[in-house]
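Visitor: Spelled out, the chains give:
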Amino acid sequence: MSTELPAEAETSSVEPPPAPTRRTFIATTTAAGGVAVVGGLVAGPPALAVEEAVADEVPPGSRVSLTVNGVRHTVTIDNRTSLLDLLREHLDLTGSKKGCNAGACGACTVLVDGRRVNSCLTLAVRLEGAEVTTIEGLAKGGQLHPLQQAFIEQDAFQCGFCTSGQIVSGVGCIQEGHTGSRAEIREWMSGNLCRCGCYVKIERAVEQAAAGRKG
Amino acid sequence: MSQPQAAVGAAVPRVDARLRVTGGAKYAADNSPDGVVHAVIVESSIGRGRITGIDTRAAEARPGVLKVISHLNAPKLPPVEGRFPPGKPLRAFQDDRVQFFGQPVAVAVATTLETAQHAASLVKVSYDAETSSTDISDADAAGGTQTYARGDADRALDSAPVRLDTTYRTARNHHNPMEPAGIVAQWDGDRLTVWEKTQYVQGTVFTLSGEFGIPPDHIRVISPFIGGAFGNAARAWVHSVIAAMAAREVKRPVKLVLTRRQMYFTVGYRPAYEYGLRLGADRGGRLTASTHDVRAESSRYETYSESVLVPGRMLYSTPNVRQAYDHVPLDVSTPWFMRGPGYASGAYPVESAMDELAHELGVDPIELRLRNEPSDDESSNLPFSTRRLRDCYRTGAREFGWHRRNPKPRSTRDGDWLIGMGMAAGVYDTMRSEAQASVRLDADGTALVQSATSDMGPGTATSMSQVAADALGLTMRQVTFRLGDSLMPPAPVHAGSQTMASVGSAVQDGCDKLRKQAIALAVNDKGSPLHGVDAADIVVRGGRLYAKGEPTRGETYQRLLARNDRTHLEVLGSYAGAPEPERFSLYAYSAIFAEVAVDARLGLVRVRRMLGVYDAARIVNPRLADSQAIGAMTGGIGQALLEHTVTDHRDGRIVNANLADYLVPTHADMPDLKAIFIDGQDYEADPIGVKGLGEVVIVGVAPAIANAVFNATGRRIRQLPITAEALL
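Residue numbers (the UniProt record's numbering), protein chains in the order written: chain S, 1 to 215; chain F, 1 to 728.
Just so you know, the hints here were simulated from the structure itself, not pulled from any lab data. Check each hint, because a few of them may be wrong.
Stretch by stretch, here's where chain S covers chain F in the computed footprint (C-beta under 8 Å, at least three residues) [stated by the list, open to error]:
1. 17 to 23
2. 178 to 184
3. 198 to 204
4. 224 to 234
5. 249 to 262
6. 619 to 627
7. 630 to 638
Have a look at the derived ranges for each label pair, beta carbon to beta carbon [said to hold, decoys possible]:
8. S65/S / A600/F: 54 to 62 Å
9. L121/S / D95/F: 37 to 45 Å
10. P86/F / L121/S: 55 to 63 Å
Nothing here was measured: the structure is a model prediction, and the numbers come from that model. The C-beta atom is built at its ideal place from N, Cα and C for all residues, glycine as well.
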């Protein structure tokens, strides 16, 4: 779990922030009502003026508000932080995986405003107002997303490490309508590597979920 | 096994499927204990030499940086002895020597990942560089690592009516599991807990115990999920020691995950081979002799070897065989077992040569193999326990439509595409090792079975639950199997296709014992409806014990335990491992069939369809077995056509150390893949009758594709991967 958010991070909290130190990575919350600030390296209260004043010493951080799986987060983070690292290291959403950190494997695929993106290549601070959906946000009320169910039925994974990215990418592929044929699914899923070699079954699962959607 | 087998053999879904499709499965790097900080390794930028200076001032001046550790300030570790491979294992920052490009020379530890990454980039290392040697074709061998002989192969070759003399080369391959190697290390005084990606939790305990000079029982290794490994997490590598060292130095839990680039330097690879092969045969295609002169790359500090020679001495009847395996020490990191280790590399030359011989003689490749089918294992003089390779050939030929193959190469076209069919045999030895499993039946009628094994993808928890469910007479839902914690009963490394045979047999033993304990309790209990019944006549199904032939007479585990005031029953199951010496020759076999299309002008090879037929004896779960087989065909397509680690021999730098330039199969490369398992059991192998599956499924894939490429094009490419450049 992340060390950087208090337990109430995703709820409304108006507790005053503890005084952060340079090395703090204890999460703080702002008084802005229902928003959380991820501590990171920002020295002092999260205000741009402070960051600029100590620009030689600490990396610049920025404040960004985004919605992840329906929960709004306002965070002040290191500008270098990728969306993937924000999810994994700060928001305790470790379902999205870091396979290459270079956009070549797709294990980190999430939906940003409905489009699939490699979260490892996406800087978090650019996502002001964005709606992000990760693997953790697909099941609703304990009910698996049809594609998650199809992955189980088709045995479309072995180690499971690429699976989050494959499923989120498959959801995108279906929404985009790129499921007219097996060949089309293969083409539009090719940004997601699976080293266990479950491709044939992943394609069947995407086909199954796409057919269910039409029906 | 007096119990009915309901779960074993059924295609049940994975018991941990929901966790894996919801992002809920916690892999090593998903753990963040309170106060965790991040470590990033700095690698050497020379291929050989000495470190003359490390300037950490800029790095350590960054806010959030806790420490930069190198050989200049690292704590001295006690001496260790390597177990395997022989040599001196790479240590964490114990001297100034650089033995290969990419060797860890420092580690930056900081409160955030971003800062640690930046700090690592600011560490300035100066070197006294020496010339490095990394090219196997331009370096001398160190002498015989393994040799084997029967008969007089060289003399028999001289007099053979038909002779073949070829050299095959295979490229270095990297495992590239989707999950990078990673570890989270946390000290509590002199006790160490690590969440590590490993196929061998108790192996990591052993390594860290030696490296830090602390007792094994002060170390706990936790690894419930592994994001693929294919062998490269079967050893605790130096980065794990570095992470534990860093955690002790900064007195905080440390998370260290290798970058994808770093995965090419320190966590092993399938070594490159040069395999000189001569075959002698009579005009009828019966082999009379073969010689195998093999060169393989290894590091200078460890002498790695694997079973590359085995297929060439036991797959076919050959009276005269001579083999020599020389390792070529280079300024590279040590190779390591990669799926189908040795066999996957050795089957390629052997099975390609058989195809060449078949073509030379005008004999069908399957017929040639049948003519050379041995009656026993000529390399060990042991009888085969089971060998259903003939069945594999027959079933495969029928199902694949082998009769449609035109034996004349380059004679089938589909537009611009040249079409060809090829086949090859595969083999892998049935390893078994000592293992234990604890079994606990609770008063609520559910059971918990535990063993310190792992699951890198085959579905260990599922298949073990199936064995347990049948032996206990429970449903799958009533059984939970846990793995991946060094505190659990000992299990061998989850590798070499030995987990099902070894751990599965221990699970069955434990569950049998526990069931018998419950039965004994019942037949001796005057309050039980089963009182006085012969214990051998009692069967358990669905958690209910009943008398054979009198199914209404019985009771549930719950009632039995409640009446006897027992909260639970618990036993330890065990399996002793392979007998010493072996009484049988034990191998799993396969026949792989491939159809390829080759673009005549571009040299592009596309696999159109593949079929694998396997003699792996008993199949515990056909659904999971199918996934393993299809997955290995996919991996084999990579080995045959795509995968090639490219080294710049000027300094040993790997130039394609990423997943964009090191090509692996993708969705778009996928043909139609099909797997068939020949019915059978092998109780000479182990008490549950399995021969292991995860390795044999990849072994014949690359040669089947290579042989299909020859049939399509008439071009015999004697190197892997078969690239477009090679075909043009």
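Visitor: Next step is simple, just say for each hint if it's right about the structure.
Guide: Outcome of the hint check:
Given as covered by chain S, the stretch 17 to 23 of chain F passes the check, having 7 residues with a CB less than 8 Å from a CB of that chain where 3 are the minimum. Note: the stretch 178 to 184 of chain F has 3 residues with beta-carbon separation from chain S under 8 Å; the three-residue rule is met and the coverage holds. As drawn, the stretch 198 to 204 of chain F meets chain S at 0 residues by the rule of a beta-carbon pair under 8 Å; below three, the given contact is violated. Using a Cβ-Cβ cut-off of 8 Å, 6 residues of the stretch 224 to 234 of chain F lie near chain S, which meets the minimum of three, so the contact claim holds.
For the stretch 249 to 262 of chain F, the stated coverage by chain S holds: 3 residues have a C-beta nearer than 8 Å to a C-beta of that chain, and at least 3 were required. With 4 residues having a beta carbon nearer than 8 Å to a beta carbon of chain S, the stretch 619 to 627 of chain F meets the requirement of three or more and the stated coverage holds. With a threshold of 8 Å between beta carbons, the proposed coverage of the stretch 630 to 638 of chain F by chain S holds, since 6 of its residues qualify and at least three are required. One distance hint, 54 to 62 Å for the beta-carbon pair S65/S and A600/F, holds here, with the actual separation near 58 Å.
A C-beta distance of roughly 38 Å is found between L121/S and D95/F, which places it inside the suggested range of 37 to 45 Å. Between P86/F and L121/S the beta carbon distance is about 43 Å. The supplied range of 55 to 63 Å is therefore violated.
When each numbered hint is compared with the structure, violations occur for hints 3 and 10.
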